[in-house]
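So the sequence lines, in the order shown, correspond to chains V and B. If you read the first sequence in our numbering, its first letter stands for residue 1, the second for the next number, and so on. If you read the second sequence in our numbering, its first letter stands for residue 1, the second for the next number, and so on.
None of these hints come from the bench; they were simulated from the model. Predicted model, so just to flag it, every value in this text is computed and none were measured. Hints are all accurate, no fakes.
What the simulated footprint calls covered on chain B by chain V, stretch by stretch (three residues with Cβ under 8 Å from a Cβ of chain V suffice, anywhere in the stretch; the number is not a length): (1) 45-53; (2) 90-103.
Derived coverage of chain V by chain B (criterion: at least 3 residues anywhere in the stretch with Cβ under 8 Å from a Cβ of chain B; other residues may be distant): (3) 48-62; (4) 93-105.
Every beta carbon over 12 Å from chain V, so not counted as near; a handful from chain B, in silico: (5) T27; (6) N67; (7) S74; (8) L111.
Ideal placement from N, C-alpha and C gives every residue a C-beta, glycine not left out.
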Amino acid sequence: ETGVTQSPTHLIKTRGQQVTLRCSSQSGHNTVSWYQQALGQGPQFIFQYYREEENGRGNFPPRFSGLQFPNYSSELNVNALELDDSALYLCASSPAPLEEAFFGQGTRLTVV
Amino acid sequence: AQKVTQAQTEISVVEKEDVTLDCVYETRDTTYYLFWYKQPPSGELVFLIRRNSFDEQNEISGRYSWNFQKSTSSFNFTITASQVVDSAVYFCALRGTYKYIFGTGTRLKVLA
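Please take these sequences and the hints and turn them into a complete structure.
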């Protein structure tokens with residue numbers, strides 16, 4: 001176990017809806033990264049938050065947004081859901097941006 | 001650009017056979033880290049090994065061994081005497097700065 005907790009574990013949403021995924025980072029970790037893993041693919045970097053500020057972003061549209069809270073937990077928000085957003089969403093926390101990341105078990109999102 | 005290639009999509013072996021998973025990477029960074037992760041059906045990425053770009057020593061951990069060769073930009077993973085519990089998807093990843101670049105993964109099936 002990595003100490004990184006994600007909720008919910010599974011979720012089904014309808015196209016066009018909005019969704020919020022949550023991540024509790026490991027104790028002492030101030031950095032959270034989010035990844036999208038489509039079926040049969042490797043995880044793709046969405047963005048990273050460090051001390052409540054976005055610290056880097058991958059090639060994802062603005063409808064993917066995030067937040068990091070003072071306790072360093074994080075949310076991933078996706079607006080206007082599309083069918084292609086169906087994936088496993090992984091959260092990873094680390095002690096600092098360049099340090100090793102520890103991954104949670106993921107949230108499996110299905111968009112119908 | 002950074003890239004990780006895992007050319008083997010799926011490998012099937014019979015229990016007790018040795019198996020090697022290939023990983024080739026591309027990066028212009030002089031300092032970088034390479035990783036291997038195991039992903040069981042539950043979805044969580046399980047950390048197996050980290051190797052930095054300045055350490056080309058091969059490593060052995062029980063039935064697992066890793067061969068890092070900068071000259072060929074490869075970081076291959078060998079499982080000796082495979083077991084059914086080794087069945088999973090294995091990802092090779094590269095980290096230059098703050099984000100991980102994953103390969104597409106190799107699904108290993110170990111048959112009893």
